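With chain A fixed as given, assemble chains B, C and D onto it according to the hints.
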Amino acid sequence: TFCLLPLAIFTLAFLAIPLGRLILASSESGDGWGIYLRILQTPRYLSTLLQTVLVSLAVTGTALAISTIAGLFLVRNRFAGRNVLLSILTLPLAFPGVVVGFMIILLGGRQGLVNQLLPGHWVFAYSITGLFLGYLYFSIPRVLLTVMASAEKIDPALEEAARTLGAPPHRIVLDVLLPALAPALIAAGAIAFATAMGAFGTAFTLATDIDVLPMVIYTEFTLSANIAMASALSVMLGLVTWALLLIAR
Amino acid sequence: TFCLLPLAIFTLAFLAIPLGRLILASSESGDGWGIYLRILQTPRYLSTLLQTVLVSLAVTGTALAISTIAGLFLVRNRFAGRNVLLSILTLPLAFPGVVVGFMIILLGGRQGLVNQLLPGHWVFAYSITGLFLGYLYFSIPRVLLTVMASAEKIDPALEEAARTLGAPPHRIVLDVLLPALAPALIAAGAIAFATAMGAFGTAFTLATDIDVLPMVIYTEFTLSANIAMASALSVMLGLVTWALLLIAR
Amino acid sequence: MTLMLANIAKTFPGGVRALHSTDLEIARGEIVALLGPSGCGKSTLLRIVAGLETPDPGARIVFDGEDLTRQSAETRKMGMVFQSYALFPNMSVRGNIGYGLKMQKLPKPEIARRVDEVIALCRLEAYADRAITALSGGQRQRVALARAMAPRPRVLLLDEPLSALDAALRGQLRTELALLLRDFGITAIFVTHDQDEAMAIADRVAVMSEGRVAQIGTPEALYRKPATGFVARFVGNAMPLPGRIEGGRLHLRGGTLILPKGAGGQEVLVRAEDIRVDPDGPLAARIDAVTFLGTHYRLTLSGAAEEPLHALHSGLSAPETGSEVRLSIAPEALLILPKGETALCPASSSSRIRISSRPARWPMDARTPPGRCAARSIRSTRSCRCWARFNA
Amino acid sequence: MTLMLANIAKTFPGGVRALHSTDLEIARGEIVALLGPSGCGKSTLLRIVAGLETPDPGARIVFDGEDLTRQSAETRKMGMVFQSYALFPNMSVRGNIGYGLKMQKLPKPEIARRVDEVIALCRLEAYADRAITALSGGQRQRVALARAMAPRPRVLLLDEPLSALDAALRGQLRTELALLLRDFGITAIFVTHDQDEAMAIADRVAVMSEGRVAQIGTPEALYRKPATGFVARFVGNAMPLPGRIEGGRLHLRGGTLILPKGAGGQEVLVRAEDIRVDPDGPLAARIDAVTFLGTHYRLTLSGAAEEPLHALHSGLSAPETGSEVRLSIAPEALLILPKGETALCPASSSSRIRISSRPARWPMDARTPPGRCAARSIRSTRSCRCWARFNA
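Residue numbers (the numbering used here), protein chains in the order written: chain A, 6 to 254; chain B, 6 to 254; chain C, 8 to 399; chain D, 8 to 399.
Only chain A is shown next, with the shape it has when bound in the complex (with noise of 0.2 Å):
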């Protein structure tokens, strides 16, 4: 209706063009399309492919149990300057991957925070601890925020109802809580899991020894010039992404 059908068909297009090159360019090298066999067969591509994904899933996982318990505190209690915490708990939404990084530097670095305060061996900046805990720190006040939108939709009754029939708090988070919050917490795990496959500017910034997939794609295209594996290893990432996204779902 209206004159949507040709503005509507133009959008696919435009979503639809890139990924169609980008799927057609891996193919361009002199293995064709058996260049995702190697790939598969490639321990490097492998291991690199199996870390990322661990990453994103141990920061899926936290993010998830720490929000879900910030988040329930915080729907559940009023107090004096709720409102002031919850705008400043916002804050890490307007910083980009970058600065999330930098911040792990300035914290966890050779000269961060935490080594001046406790010298010896407490440089985590650059290793998977340093990623980890900066991907962590982008992801929970998403996680947060869409917990607290869900929990405070949740019919007060229904923990009233349990309480009646006899059940102690810690039956109540398992048997009301949580299976209320679950669309909500396979919805932000999703979207976290997802940005932490992606992210790629914390990596860069901490990067010294982590091989995370979109620095190895970075690296093939930039440095190799390798486009075919760049590309190749490209879908690979969106596949197992979109995979996981479509099993949330």
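Certain hints may be false.
[Claimed, not checked] Below, computed lysine to any residue pairings styled on SDA-like, alpha-carbon distance capped at 20 Å:
#1 LYS115(C) / ARG176(B)
#2 LYS158(B) / ALA171(C)
#3 LYS158(B) / ILE139(C)
#4 LYS158(A) / SER91(D)
#5 LYS232(D) / PRO338(D)
#6 LYS112(D) / ARG159(D)
#7 LYS158(A) / GLN90(D)
#8 LYS84(D) / ALA162(A)
#9 LYS84(C) / ALA66(C)
#10 LYS109(D) / LEU183(A)
Read the hints as simulated data drawn from the structure, not as lab findings. Since we're looking at a predicted model, the values are computed, not measured.
Structure of chains B, C and D alone, referenced to chain A:
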């Protein structure tokens, strides 16, 4: 209640400490807090900030317009393959900024698709146009999904009421659909804007002659080792984004 | 006669027949209720009149000689009040009521004048500049009515206008809506599943079932001379008395009733108000529950028929719960009717076909209501005149 | 006597007094309704009994001699049915019903056996393994009741148990719920704003207004001997007749009525069923609207008093709309009562203080209902025995 309080405090500390460190770090140059004044007096920083905000606003506006039209079309029309199409639309969500920048180069670079088909002056990947297209590609699926979720919740009776009162289609869009979509558009726009403000991967991949703020921060930090200025610029970027997010809310 | 609907049917994609061919004539100023259970096609019929659904080919919708069948909802000038009210949340009360006038591109002062008139008629003066979200359910209902009335529609269509309200408010607003529609003097069709609402507001009621009009007539005609068992069940809550019919007698579990006439292949029903506790009555029953209703008691009786029966009992005290009583029913109070189509009655499939193939005839009650102004009260006459001026 | 509530009051943070000091005694197996408009404190009282709100200091809640005042909701063993039903959407019907038994850490076979028993009593066999989202409103209501009953609570508390259902279903489920509660033989308190619901289900009704119990008694006692104008208005819809009282006469706009007794400082009310159309009546009125109700007509009358009056008129036809009639009201049908507290009556603030300062006395109807099993029907007796075994 429960034992949420200590965990909530821990979470808040986790979010607050890096931020505090960043703000402190910005004052640790010879200028002290005067560094913020210096940013405002340095034309290069100011024009970069302005350019970042302008590109982000342009991306947000374009993404909202395109997504609203495509979203309304997809909500209002059921056709064969609609669900497949919707799944494909979520694919760009799975690609990180680096890959998106890479796609733009494949399309609009010196050896890109467009320059091959239409040889001549069709190299746009390394300019502000390429950055704009890359950010747009990144934003559209997110905005589209939000718009569609919101459009599906509009009471169809609202539109029918306007029709029985004699409203022609363009008045229905103006008086009924856009006001009903407004909250979703504002929320999605704010997210798109914040993402565009901080997108580093795309800019870094395309980067030849583009100055956007995350790039400048990276340069100051890594190449010039000017930690105070990088911190101050980070705080500026965060504050500008956060202020616009708060206004939208 | 102002609105004539002929051969209106609706088959949805996929072959579901929501509405079988239906004809209906509505006189100027008449208020007609479409009454039926959900899924009976009443809303579909209303939406076809509004132009929001397309009827199957062959339909005709004529208003005062003008064929509206091909006109779109935008140009058809039907006022509609939606079940959810569908008020525009981004406009004030005044903005909502004036929207139809704005679409007619009337000059601003003219819009303001006419909005003020409708606001006064609907007693919304105190809320005129409020946001829609600041209104109660009953106020929203009045705003929805005012919005539909402001552009002076040909016919007012109301889709379950009171069902979004809670029970306490609904009873009160029922009377208010009835008086307001009469004050407007508008021709109106409204859809409801609530017999009390239909009775309280409509001049004529069309009882619908499974996509067909089962009977149309005044509330009195439907109550006193129901055409089918379905109508009797739906209007006045008649209870079926299923039993063996033999030689002018109906054999029930609790005893035998004498029938006033033959009842072969038909069903026998009775209303709660026609069952009496009578020591010499022919039926034995046990009292399961007694509910005090103020002027009388409602008794829930078991043992007389297969299903529990209700009886209304007047007097200052009722028989004890658990006691055994005898009941009588006057033969002329028994309703002997063809088995009507109803989802409640699984055994009626064969009779349903028979009934379905019988051509529907209406109006069974041929009384054409006189012009509203002539027949209504002095108060209505005044309002009606005022409305006539308002329409001039 | 099983449940004794003494000196229950509730002041919310901020100083709003939701409930003034209230006492209530409820006998074993008795069903008591708390009836009142929204905001009258009835839900607060129910939630205090459940342990979900803390009463002001000085309150006592005693069940069979055991003081429950300090016990938490988890240990108080009160069954509660919530207005929204609050069924756990992540569990099946069986999971919901068995939840309370699981919390008591009963062995699995025991839980299964007792869940089956309650499912059978509530006739939920067909839905036992369904998801909650696959149930209709009426089925959810039964599941909520079964879930509350399964752990064999001391008292069953119901918060507006039928208000989430639509009108058609509500009437039907009202009777069903009444029979089910009697079958259970449980002591129950339920909150409602619907007088019909209170009348149909409760043994005794406590009419509440502005945080106080205005009157408590059987439905008949409330209807026939209301203590205040508020009670008369709320139970049986009495209409006030505001006019000048002079020497045993009430002067209204449409004429003068003779009062049966002095009425200084009190208000005079009448019910619709007590107003008769009578050519020799003392009041003149005009008929604004006529609604056919089946056994009688409801007339809306103006001109007799300030506000329109309703009258019930029996007979096969009603006076024409718009005609002038005369009305009579039997002197003994006039209710002469202290002005009750009510939000509808802005002039009552002085009398409100007077009433408020009068100590509430109850039960005004001292009849203690006999044990449920003795008094109920044979059907109930059977179920009651079954329930007794079930409780053993």
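Hints and how they fare:
1. LYS115(C) / ARG176(B): 18 Å, holds
2. LYS158(B) / ALA171(C): 18 Å, holds
3. LYS158(B) / ILE139(C): 18 Å, holds
4. LYS158(A) / SER91(D): 14 Å, holds
5. LYS232(D) / PRO338(D): 15 Å, holds
6. LYS112(D) / ARG159(D): 14 Å, holds
7. LYS158(A) / GLN90(D): Given pair LYS158(A), GLN90(D) holds - Cα atoms ~17 Å apart, limit 20 Å.
8. LYS84(D) / ALA162(A): Holds, at roughly 17 Å.
9. LYS84(C) / ALA66(C): 19 Å, holds
10. LYS109(D) / LEU183(A): 18 Å, holds
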